[in-house]
Structure formats: C-alpha cells, structure tokens
Amino acid sequence: MSQYHPPVLDAKFILDQLIGFDGLCEKLQLEDINIDLADAVLEEAGKLSSEVFAPLNWDTDQNPAQWADNSVTQSPGLKEAYQQFVDNGWSTLTAPEEFGGQNLPQVLGTAVSEMWQASNMAFALCPLLSIGSVEALLAHGSDELKALYLPRLIAGEWTGTMNLTEPGAGSDLAAVSTTATPDGDHYRIKGQKIFITWGDHQMTPNIVHLVLARLPDAPPGVKGISLFIVPKFVLDENGEPGERNDVYPISIEHKLGIHGSPTCTMAFGDNEGAIGYLVGEPHKGLPYMFTMMNHARQGVGVQGLGISDRAYQQAVQYARERVQGKNKDGSKKPIIEYPDVRRMLLTMRSGVEAMRALALEASAALDFAHADNNSKEKYARLELFTPIVKGWMTEFAQELTSLNIQVHGGMGYVEETGAAQHFRDARILPIYEGTTAIQALDLIGRKVLMDGGVALESLLSDMAATANELSASSNADAQAFGASFAQAVDKARAAKEWLLTNAPSEKELSQAVCFDMLMAMGYLCGGWMQGRTLLAVIALTDANDDVYGEEFLAKKRISAMYYSQCLLPRALHHFGVMVQNPQALYEFAVDQF
Amino acid sequence: MKILVPVKRVIDYNVKVRIKQDCSDVDLSNTKMSINPFCEIAVEEALRLKEAGTASEVIAVCIGPKIVKEQILAALAMGADRAIRIDVEEQPEPLVIARLLAKVAEQEDAGLIMMGKQAIDSDNNQVGQMLAGIMGRPQGTFASVVKIEGDEALVTREVDGGLQTVALKLPAIVTADLRLNEPRFTKLPDIMKAKRKPIAETTAADLGVEVTSTQQQLSVAAPATRQAGIKVASVDELVDKLKNEAKVI
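As they're listed, the protein sequences go chains A and B. At position 133 of the first sequence the residue is numbered 133 (UniProt numbering), and the sequence of numbers has no breaks. At position 130 of the second sequence the residue is numbered 130 (UniProt numbering), and the sequence of numbers has no breaks.
Some hints could be false.
[To be verified] Restraint ranges, calculated between C-beta atoms of paired labels, are given here:
#	chain 1	residue 1	chain 2	residue 2	range
1	A	S474	B	E89	35 to 41 Å
2	A	K376	B	G53	53 to 59 Å
3	B	D12	A	G452	48 to 54 Å
[Said to hold, decoys possible] Once the Cα atoms are required to be at most 27 Å apart in a straight line, the calculated DSSO-like pairs of lysine-lysine come out as:
#	chain 1	residue 1	chain 2	residue 2
4	A	K12	B	K195
5	B	K50	B	K16
6	A	K47	B	K231
7	A	K223	A	K507
8	B	K32	A	K47
9	A	K255	A	K79
10	A	K555	A	K333
11	A	K555	B	K20
12	B	K103	B	K169
13	B	K147	A	K79
14	A	K47	B	K66
15	A	K378	A	K27
16	A	K47	B	K193
17	A	K555	B	K16
18	B	K16	A	K332
19	A	K12	B	K193
20	A	K27	A	K376
21	A	K326	B	K231
22	A	K27	B	K20
23	B	K16	A	K47
24	B	K231	B	K247
25	B	K197	A	K47
26	B	K2	B	K169
27	B	K187	B	K50
28	A	K27	B	K197
29	A	K496	A	K507
30	B	K32	A	K555
31	B	K231	A	K333
32	B	K231	B	K32
33	A	K146	B	K187
34	A	K12	B	K2
35	A	K332	B	K50
36	A	K47	B	K247
37	B	K66	A	K12
In case anyone wonders, no lab produced these hints; they're calculated from the structure. Since the model is a prediction, treat every value here as computed from it, not as a measurement. Here a beta-carbon is modelled for each residue, glycine too, at the ideal position from N, C-alpha and C.
Just chain B, same shape as in the assembly (with noise of 0.2 Å):
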C-alpha cells in the first residue's frame, strides 16, 4: 500500500507572527518556515505504518513553487521515500488544494491519504474533509490512533465528547491531530541521503485542474494587545464588571 502525505511549508512555530504596515497579509519576508507541524505528525505516522510493514511507500506531495523543497527535503529526511512538487506560484484555496491532490492520489493509487487536521497559517481544517468528498472516499478526521487491519483502516477520533473509533474502507482520507504521535528527530545519514531521493515535479495544468480563486483576503489585523488587569474589592463588584463590562454573564 502507497501511502500519500501532503505536507504544507507554513512559518514556523515558534516565530512570532508580524502584520504587513498596509495590513495586508502576514509578513513573512526573512522568516523561518517550517513544514506544518500537523503535517509532521502526518509523516510519522505514515513512516511508522511503513515501518511495521503496512505500508511499502511512503511519499510526500508538496504544493507550492521552487522554496518549498526545503519542506520536501525535511519529508524526504524524515523518511519518505520520494516526493512530488506541484509547481504553483501562490498558495491556492483548500478546494483547489484538495482537487490537486485528489488527482496525485489517483495517479499514484495511493491506499491511505494520510494528512494532518489543518495547517497553522490559515487554520482552514478543510482540505482532509473536501478531498475525501471529491474522492468519494471515506475520511477519519482528528485521528488520534490509527491502525490498519485487513483493507480497514480504525481510527481513533478526539471528539468534544471523548474519543470515537470507526473503521474505514481503504482506500481512505486519515487527518492527523496533535496527539497522533511525536514525530521524530530526523538522523544525519538520513540528511544526507534526502539529497539523493527523487523528486518528480508537476503543475496543475499537467493535472487538469484550474486554479482559480473564489475568496479575496482583505485584510490581516494582529490581536488587541491585552489590557492589564485589575483587582476587585468583592464578589460584588466581580459579578456587577462581568456584567456589565465584559458582558460575559
């Protein structure tokens, strides 16, 4: 079984995000960009499933234009056997996302597509569910346990309730959540040899699928810087400034 892993170039979790002067987007010129971290945990466990055997590739497909072979090359360190690269010029919308890797899956017969729940920069937490409906394949989002028996795929789900188990017909859309796993630290052989794996690069035309844009980002503000607290003399007051203040009860 083949096994598809998007992985996503998004800043990097510990950078301090800064706004655009016009407010027009996220700055993100000289900042350090990572793989997403959702993608990470994505890669591990699709690395793990090969490791015991379940899986005999693992391949990670990357969407973006030239830079994004840093991310690939992190994948490939990780330990995904090679990699695919569709050449777009700015990041599409999730539908557009989802149709593109609905066409790699296809082409690559992959038996699992395993993806992380959402990416840190744009939180959408949509591609997963929309490429399991343009696939008309099932999906098993939120993952927090995933095991493959026979031509099923059991997956754990973190739901607002508690923990929920369904078995998936492969082939099948998993969603990674943090607690799927802790990805691993890449080894230097493994470093080296990434160089030396293949990297095949397409573009949406190739795939036949258009890119096009249905939403417009108007602006991107930071958030309201956080006001200093005070303290209260009684329970009284505490209750009347919820109130009446904060308008919270």
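Next up, chain A with everything else stripped away, as it sits in the complex (with noise of 0.2 Å):
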C-alpha cells in the first residue's frame, strides 16, 4: 500500500559511527569486508526490499495462505519472490563459507533483515526460520547432517521449520510428549505440532522440520528432550528430495495478522511414523535450542523495528497529504502541522531510531563475542540484551504501530487504508518466540539474578560513561541529554541493588517486578543508544562531516533529543513501579478477579 523507504543510510551512519563496523570486521579477521561494502549490501537489499516484497505486502495480507488435503498453497506471488531472494544469494549473507555463505557479520546481516521485515513480514518469517534451523545444525548436527542439509539451506533450495510447540506445551516445553522411537539408522516420530510458522508451503521442493520429540528412555521434564531433524521428502541416496515423509500439515490458522505466513498443525507419525534423525547427542533438545534463541529472539525484535519504521513512514505520508482546518490566512492545513500529530511522528521516529541502534548494538554483541573466541564476558552482554530487544521492542512496536492508526483517524480503522495491517501484523511480535513474560522473566532471572548483577553493572558502567561524556561536553544538548540520562542509569543501579537484596527473600517478587525491569531497561538502552548517537553527531558536525549532511545530522539530533526529553521518563517510571513493589498485586487474590 504505502511505498517503503529503506532507512539505508540510518543503518550506514549506526553501523559506522556507533558500532564501529570496521574495526569489527578487522577483529573477525574479514578482509575486504568495510563500511563501503555494507552500503553496497544495504542499497541492494533496499531495492529488493522496496521493489519486489513491499508492494506484495497488502496483496499477502487480504490473500491469505490456503490450506487443501494437507497441503498448504501459499499467498501469490510469494514463490515468485521468494525465487528471487534466492537467486539473488540473500540467503547466503551470513553463513559460513564451507557450506555456501558469504560469512558477513550477524550485524549486517540484522541491518539487512529489517528490511526484509518491514517490507513483508509474513514472508520474511520464512527465511528467517530457515537461518534458525540452520544456527542449530551448525552447533550440534553431526558432520553428515550438515553436508546434507547445510548447503541447500544457506542456498534457499530448501526453507526451514521450527517445530516446539503442542496443544500441552507452550510456553513451558518441559510438557513435550513427541515421541521418538528408533527404528534402525534413524527414529520414527509420532505426535502432533501446533503453530508451525511456514510449515508447509509450495515455494521449495523440499522442507526441513526441527522437531523436539522424547526418545523412549527420556527423563521426565526439560531434561528429557531431544532434538530431530525431519524432512518433508526424505533424501535418497543422492542427497535429493525422495520418498514423501510422514509428516503433514493437517490445518491452518485463521489469524488476526501475518496472513501470508502459514501457521501449520503438523502431525507427525499419523500412519507410519515419520522419519527422523538425532541432532546431536540425545535429551540435550532444549539446551541446544536455546544456542540459537539469541539470534531467533532479536530477530523478532528486529521485526518490530522493521514494521514500526513501515507504520512511521505511512503515518508521515499521510499527515502531509492530509488536509483538516485553516491556517488564518485561510489556505488549509495539513494535520502534519499539528503539535499533536508531530508528537505521535516523534515519539515513532526517535523511537524506530533508537530501536535500530539497539537492534544493531545487541547483533554485533554476537560478532564482538566471536571475534573475542566467545569470552564469557562479551557473551554475556549479548545475552542481556537479547530477552531486552525482544520484549521492549516488541512491546514497544504496538505502541508505535496504533500511532500509526491514530494519525490516520478514522481512516486508519478502515482496512484499506493499510494502517491496520501493520497493527494487526505486529500484534504476534510479542506473543511467539516466547512472550513478552518470557522474556521479563529470562532477564530478571537468567541474565540478571543468576550472576548476582554482574553482566548488569557492566553495562550500567558503560552507560555511566556515556552519561559522563555527555555532560563533560561543551554542547549544551549534549550536557542536557547527559543529566537526564545520568539520573535514569541511578535509578537503574538503585533499581537492580533493591532487586538483589529483595528477591532472595520474596518468592514472587522477581515475577511480579519483571515486565517493569524488561520496560525499563528497554527505554534505558534506547536511551544509551540515542545518547551515543548524539555523541556521535556533534562530533561529526564540529568535524564539518560530508557524509552524512547537514541535514541528516540536524535531524538525528533532534530525535535524541526528544528521545531524552519524551520518552527516557518511561524508564524512570518503569524502574519506579518496580521498586515500589506494588503490594496490591499480591493483595488481589485469584479468586478476587
């Protein structure tokens, strides 16, 4: 509906200036591989992205995936596309060169992926699961595995699927009750997968499903998990396509968003049993599944990126063109020029703004700590900040998506107008690939409680220097920016010390304060971000830069600025509700509601 303008040079000036995209790729020992290259990549992505896939977005909505005797169609013109993605080598961007990839850092590659989100989500979900599924046969699948199914991946022949969930098992998978039997050189699986993203489709000839599944002598609970690679053909002995594996799509959800992703009840083993192949070592299915969460989670979080800047750029189209009173000289006055409306517009901007750096500060967390041979350190920064970019950014991509609608007016409630699709599509963002509680709860526990705040405190003080690199600065923004921010990261520690000394103590207390630490902690990073990003431009700006422009510059600027001024109090009003430890909470009893 709306055109789509890849934000290439927003992600040029991130990678550049706040990344520091060189010196990375020097780290990681890639020659050749610089900021020049990236904007080379960016540019072309943009074009797919803005040419092909986002005209088909609206198409994809109102023509949803069909599902008949077992067997999914998906949306027009999404094979057409998708053989295009191919043919082009995107798929190949970040893979590893054995197996057929370009190896270019993991940030490029998110830089590279929002597009393709914002673009087209329902699509890009496709692709996106087939680098999950090709994360995991990288880190566990033994070496015939992976000659197997690694090239035809990373090259798009085939997509991929993750396959967790079941009617008894959401969020808590230790309920899995997949079977899996041996059966000579491979098992036989049995049981049924609910809400299988892209399970079946016609754009591959074949499809490789992940399956977590209980052998026979499992353990009870998460520690008897195993993970199994089931194809939709199984290979013959050439490595091609075969025989028909017993493994169906046996419906399709009708859903509020993402029509043109199809989300597949997979049965498994109906008649003879499908047929399977051990990832790795046995009952280690969920471990092995969480290597690949970090990668798995941002990338939803950068899909509410991707449709946040869709819903900004449509919401600024339209308030332009939209006419609504008169100025006093009597010509008529676009709502753009509306206080009101250019607050919505801010808040969106210098919200996506801050996202994309988050988004991108958080996926080169994962290069630097490769490039560190994965030291504890660098890793567990990574870590910390994955549960945030999924759970803030999603949740904030509701936020920013309704603002869309509310520019609109009426007009954004009317389904042509195409405002509500991107409503309706960021609604799943923070529901799937664990909920926004799942993730309140993995950083409170896991990546803050677990090392008694250490990975915390050290991106606190990273954030302090920021704050005081702020205010040492001659420029009045800069010093402003740096109080504001300086109090929010106080209340931060403040935050995280009552957290440590409390929690131990109260059993609940860490769940019922987690969905405020996720909030603040995410306005606190955009915060960082933004104020780097500030950093970054009176520098360049004393520097009389010539890449960027005047401009450009100017504009950056102001979004950190109303970043600092509107939307950092948040995080002082998260931390706030968390320390107050609301009493009520605990005080309304269940059978109270």
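With the hints in hand, could you dock these two chains into one complex?
In structure tokens form, the structure reads like this:
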C-alpha cells in the first residue's frame, strides 16, 4: 500500500558511527569487508525489499495462504518473490563460507533483515526460520547431517521450520509429549505440533523440520527432550528429495495478522511414523534450542523495529496529505502541522531510531563475542541484550503501529488504508518466540539474578561512562541529555541493588516486577543508543562532515533530544513501579478476579 | 566481441534536486548519487548480450574523480567484467567525453559501444551521436530492441512516428532508451566479487585528449512553482482564459 523507503543511510550511520563496523571486521579478520561494502549491500537489499517485497505486502494480507488436502499453498506472488530472494543470494548473507555462505557479520545481516521484515513480515518469516535451522545444525549437527542439509538450507533451495509447541506445551516446553522411537539408522517421530510457522508451502522442493521429541528412555521434564531433523521428503541416496515423509500440515490457523505466513498444525507419524534423525546427543534438545535463541529472539525484536518504521513512514505520508482546518490566512492545513500529530510522529521516529541502534548494538554483541573467542564477558552482554531486544522492542511496536492508526484517524480503522495491517501484523510479536513475560523472566532471572547482577553492572557502567561524556561536552544539548541520562542510570543501579537484596527472600517478587524491569531496561538502552548518537552527531557536525550532511545530522540530533525529553522518562517510571513492588498485585487474590 | 559501456555518476533519480543559494549550480553536497538510469539499462543490455554468447567481455568506463568508483563498483556488481576510469576533476562537456570515449573504444577495439541515450542530470543527449561522428561508425539511437546478427546490429528505435528498425554494420554505437530492458537486481555474491574485479585508471592526457571548455554555465533555476487551479463557470470563460491569459490558443 504505502511506499517503503529502506533506511539505508541510517543503518550505515549506526554501523559506521556507533558500532565501528570497520574495526569489527578487522577483529573478525574479514578482509575486504568494510563500511563501503556494507553500504552497497544495504543499497541492494533496500531495492529488492522496496521494489519487490513491499508492493506484495497488502496482497499477501488479503490473500492468505490456503490449506487443502494436507497441503498448503502460499499467497500469490510469494513463490516468485522467494525465488528472486534466493537467486540473488540473500539467504547466504551471514552463513559460513564452508557451506556456501558469504560469512558477513551478523550485524550486517540484522540491518538487512530489518528491510525484509519491514517490507513484508509474513513473507520474511520464512527465511528467518531457515536461518534458525541453519544455526541449530551448525552448532549441533553431525558432519553427515551438515553436509546433507546445510548447503541446501543456506542456498535457500529448501526452507527450515521450528517445531516446538504442542497443544499442551506452549511456554512450558517441559510438557512436550511427541515421541521418537529408534528404527534402524533413524527414528520414527509421532505426535502433533501446533503454531508451526511456514510449516508447509510450495515454494521449495523440500522443507526441513526441526522437531523436539522424547526418546523412549527419556527422563521426565526438560531434561528428556531431544532435537530431531524431519525432512518433508526423505533424502534418497543422492541426497535429493525422495519419498514423502509421514509429516503433514493438517490445518492452518485463521489469524489476526501475518496472513501470508501459514501457521500450521503438523501431524507427525499419523501413519507409519515420520522418519527423523537425531541432532547432536539425546536429551539435549532444549539446551540446543537455547543456543539459537539469541538469534531467533533478536530477530523477532527486529521485526518489531521494521514494522514500526513502516508504520512511521506511512503515518508521515498521510499526515502531509491529509488536510484539516485552516491557517489564519485561509489556506488549508495539513495535519502534520498540528503539534499533537508531530508528537505522535516524533515518538515513532525517535523510538524507531533508538530501536534500530539497539538492534544493531545487540546483534554486533554476537560478532564481538565471536571475535573474542566467545569470551564469557562478551557473551554475557549479548545474552543480557536478547530479552530486552525481543521484549521491549515488540511491546513498543504495539504502541508505534497503533500511533500510525491514530494519525490516520477514522481512515486508519478502515482496512483499505493499510495502516491496520501493520498493527494486526505486529500483534503476534510479543507472543511468539517467547512471550513478553518469558523475556522478562529471562532478563530478571537468568540474566540478572543468576550472576548476581555482574553483566548488568558492566552494561550500566558503560552507560554511566556515556552519561559522563555527554555531561562533560561543551554542547548544551549533550549536557542536557547527559543530566537526564545520568539520572536514569542511577535509578537503574538503585533498582538493581533493590532487586538483588529483596528477590532472594520474597518468593513472587521477581515474577511480579519483571515486566517493569524489562520495559525500564528497554527505554534505558534506547536512551543509551540515542545518547551515543548525539555524541556522534556533535563530533561529525564539528568536523564539518560531508558524508551524512547537515540535514541528516540535524534530524538525528533532534530525534535524540526528543527521546531524552519524552521517552527516557518512561524508564524512570518503570523503575519506579518496580522498586515500589506494588503490594496490590499480591493482595488481590486469584478468586477475586 | 567486446562491449564498452560508458556509465555516468548522476544525482539519484529519487532525490529532489536542490539549487545552490547563489543559483550557480545544482547543490550536490551530501546528495545520493547513482548510476544514470539509462547507463544502467545499457549495462543490462550488454550483460544480456554476453549471457546470450554474443559478446565476450563487458567493460564499464567511467569519467570522473575517484568518487565515481562507487558507480564503477555498481556496474561491476551488476556483472561487467572490468572497468576503466578516466580521471578528470570536473565533468567535461559532451564533446570532450565523446573524444575520450573514442580513444578508449579504439584502444579496446570494442565491437559495440552500448550506452545510455542521455544522462538525467544535464539531459544533453549528445555523446552517443558525437562519438559515432568522431569514430565514423554507424549509430542506433533510442534503442528499444537490440539484436546482433552476424556482423550487424539490428536496432529498433523509438522515433516520433513509432518504431524504426535499422541495421548497423559493427562496430557501432547504440544508445539505450527506457524500454530497452529492466535492469536486474544485483546479487549479493556479485557485490562481493565486484571488489576483486580490475579497474584500470587512465587520464585525458594519457589518451591524448585536451579537456577544453566551450560552454559556461551562467545560472540554474528551480522550475516555477505551480499556481493553484481555478474553476471556470463556462466554456466561454475557459476559451477566453486559454486565449488571453494562458495564450495557448
């Protein structure tokens, strides 16, 4: 519906100025890879996303995937779009060279992924899931499985899916009941999986399902789950898709959004049992899933970013065109001139820019961890970021896509305008790949309480250093930003201390305050990125930079200041609620609802 | 057969053009620059001819300072085999460009010079024709179809009255019109490969061409802003306004 303008220059700015892309590539020993190449890559990805995927977005929504006779047909146009995506090599971006990948840094993959997600999220979920299965196989697959499946998955010839959820096992995977029985050199998988994204389609000649199931001798609970690979078509002796495996989509869901993404109920082994192969060791399925969790969860955070930017762009376009009321001289007034409309647009813009910088910072944390031999410290930073990127960015996306509808007024509530689609599509984001509650619990439990707040303190001291740098600047904007940011960092430190002191003795405390901590950390991290943006902007302006230009830098500066004035205070609010430990929540008994 | 494809760095077609405050020129500071769209079509056509087995090599040639390497890399990423940059400080006039290209075409012994019909910045539409004149080669301008048969290029031209097909004896110059093809999306692996493709550098002096200037740009101006429309009460009033105010009938 609306034209999508890929954020090539902003992504380049963040990679170059905030992440230090050239230095990162040096650390990763990637010869010939630098910011100019990244720019060329972003440019081309931008073209494909805006010219091919974005125009299909509305049609994809209006013509959902169809199910008939245990088979799914994807929305019209997607097969061709997928073929173009694959032919142009985009599925290979970050994959290792050994299996046909281009071995580019994750952070560049994330910048590019934002464009796929923004242009057509329902479609872009498919390659996103393939990357997940590639990661799982890379980390845990045998050499034989890698040789058979990785080159085809990386080339995009086949796609991958993740089969975790069952009717009785959602957020609690300990309840997984699908079984795997040894049968010669393979296993027979039996059971039902639900909510399987892109579980079936006709875009590729094979689909590779990664499935969690229990072996006959499995201990109960989370320690008895194993990971299996179950191809739609079993490979013949030449490694080509051969016989149809006993795994079928038996229905698809009718959903609020992402209509182009078939969400399947998958029946494994209704007949003779689906042939599957064990990935890695028995009973290690869940820890294996966690190794790719960082990528998958951050990937969903990036969907929140992409769709929010798309919504923002549409809102600006409409606000410029829609005329309501008159100026004093009688001329008609586009609604963008009203301060409250500008408030909404700036909230979206500043929020999107903060999210983009955070998404790239968090994704670069993985690259920096790799570059540093997966050092414990660097890895801890990455792990700390993951629930914040997933939880905060997808929650924030609800507000930002909703603001797009608000800017449109009544027209936004009408489907044909297309604003509603972004809102509907975005609604899945805080649910799948671990709900917001799961992210918040992960943050407060695994990432903060478990290490006694060490990783968090390391992040907060980096933030305090940025606050000092801002305050020490001779620039008045930087000083003002520094003052509010320092206050927020102090609040965060106090909240951390409060949590470490009180959580051990109060049973439900961490679960009761985790959401506010997650949101507080999100707004704080966004503030950190905007503060660093401001420092970079000031340095570039002082140096009379001619790469980004005066206008771009001025806009970045104002967007950063808006964040410190209007969005950063939300961090104070959420930290405040957190340490207040609202007693009403405990007091209201379950049977009083 | 070698195909030589000149590519020009111009302001991106999506960018709203700004005028410098003193009206001396278009303001190109921090402006997105791209390959001229007609040049891009020419690159695409050359690549298709190579893929069809008609051509053996596609050579991109670009005239300008170091910064034009961005457009050279874009042409190489599309699929050109190698490139030549002719180093000049400022963009020369069409006649000088034609002389420079003629020298390169001779040196390379190019069988076909496939180029854009014009650049979207200065809209001259001159270089192809001048180049044909200087080299004494046949030209097929405003091409919408190009076919190579034996030692001839069959070029369908978009002319005012419709389509005209001409047969050109190779070597020849063909200039691309908008409908010749739709340029491809560049592939990721090709972006990576482009950096390793050779880019030769030369100068106008090396080519024995003097960079002279016979024209002087006095000023540039933005198009006049469009006036709001009015409603007329009758056909008579409309005719009257067209006659006396707009003076178009």
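A quick look at each hint next to the structure:
{"no.": "1", "hint": "S474/A / E89/B: 35 to 41 Å", "verdict": "38 Å, holds"}
{"no.": "2", "hint": "K376/A / G53/B: 53 to 59 Å", "verdict": "57 Å, holds"}
{"no.": "3", "hint": "D12/B / G452/A: 48 to 54 Å", "verdict": "53 Å, holds"}
{"no.": "4", "hint": "K12/A / K195/B", "verdict": "19 Å, holds"}
{"no.": "5", "hint": "K50/B / K16/B", "verdict": "35 Å, violated"}
{"no.": "6", "hint": "K47/A / K231/B", "verdict": "42 Å, violated"}
{"no.": "7", "hint": "K223/A / K507/A", "verdict": "24 Å, holds"}
{"no.": "8", "hint": "K32/B / K47/A", "verdict": "14 Å, holds"}
{"no.": "9", "hint": "K255/A / K79/A", "verdict": "21 Å, holds"}
{"no.": "10", "hint": "K555/A / K333/A", "verdict": "23 Å, holds"}
{"no.": "11", "hint": "K555/A / K20/B", "verdict": "21 Å, holds"}
{"no.": "12", "hint": "K103/B / K169/B", "verdict": "20 Å, holds"}
{"no.": "13", "hint": "K147/B / K79/A", "verdict": "32 Å, violated"}
{"no.": "14", "hint": "K47/A / K66/B", "verdict": "25 Å, holds"}
{"no.": "15", "hint": "K378/A / K27/A", "verdict": "14 Å, holds"}
{"no.": "16", "hint": "K47/A / K193/B", "verdict": "19 Å, holds"}
{"no.": "17", "hint": "K555/A / K16/B", "verdict": "18 Å, holds"}
{"no.": "18", "hint": "K16/B / K332/A", "verdict": "24 Å, holds"}
{"no.": "19", "hint": "K12/A / K193/B", "verdict": "21 Å, holds"}
{"no.": "20", "hint": "K27/A / K376/A", "verdict": "17 Å, holds"}
{"no.": "21", "hint": "K326/A / K231/B", "verdict": "20 Å, holds"}
{"no.": "22", "hint": "K27/A / K20/B", "verdict": "43 Å, violated"}
{"no.": "23", "hint": "K16/B / K47/A", "verdict": "18 Å, holds"}
{"no.": "24", "hint": "K231/B / K247/B", "verdict": "18 Å, holds"}
{"no.": "25", "hint": "K197/B / K47/A", "verdict": "23 Å, holds"}
{"no.": "26", "hint": "K2/B / K169/B", "verdict": "15 Å, holds"}
{"no.": "27", "hint": "K187/B / K50/B", "verdict": "17 Å, holds"}
{"no.": "28", "hint": "K27/A / K197/B", "verdict": "25 Å, holds"}
{"no.": "29", "hint": "K496/A / K507/A", "verdict": "17 Å, holds"}
{"no.": "30", "hint": "K32/B / K555/A", "verdict": "17 Å, holds"}
{"no.": "31", "hint": "K231/B / K333/A", "verdict": "21 Å, holds"}
{"no.": "32", "hint": "K231/B / K32/B", "verdict": "40 Å, violated"}
{"no.": "33", "hint": "K146/A / K187/B", "verdict": "25 Å, holds"}
{"no.": "34", "hint": "K12/A / K2/B", "verdict": "37 Å, violated"}
{"no.": "35", "hint": "K332/A / K50/B", "verdict": "56 Å, violated"}
{"no.": "36", "hint": "K47/A / K247/B", "verdict": "44 Å, violated"}
{"no.": "37", "hint": "K66/B / K12/A", "verdict": "21 Å, holds"}
Taken one by one, the earlier hints fail for this structure at numbers 5, 6, 13, 22, 32, 34, 35 and 36, listed in ascending order.
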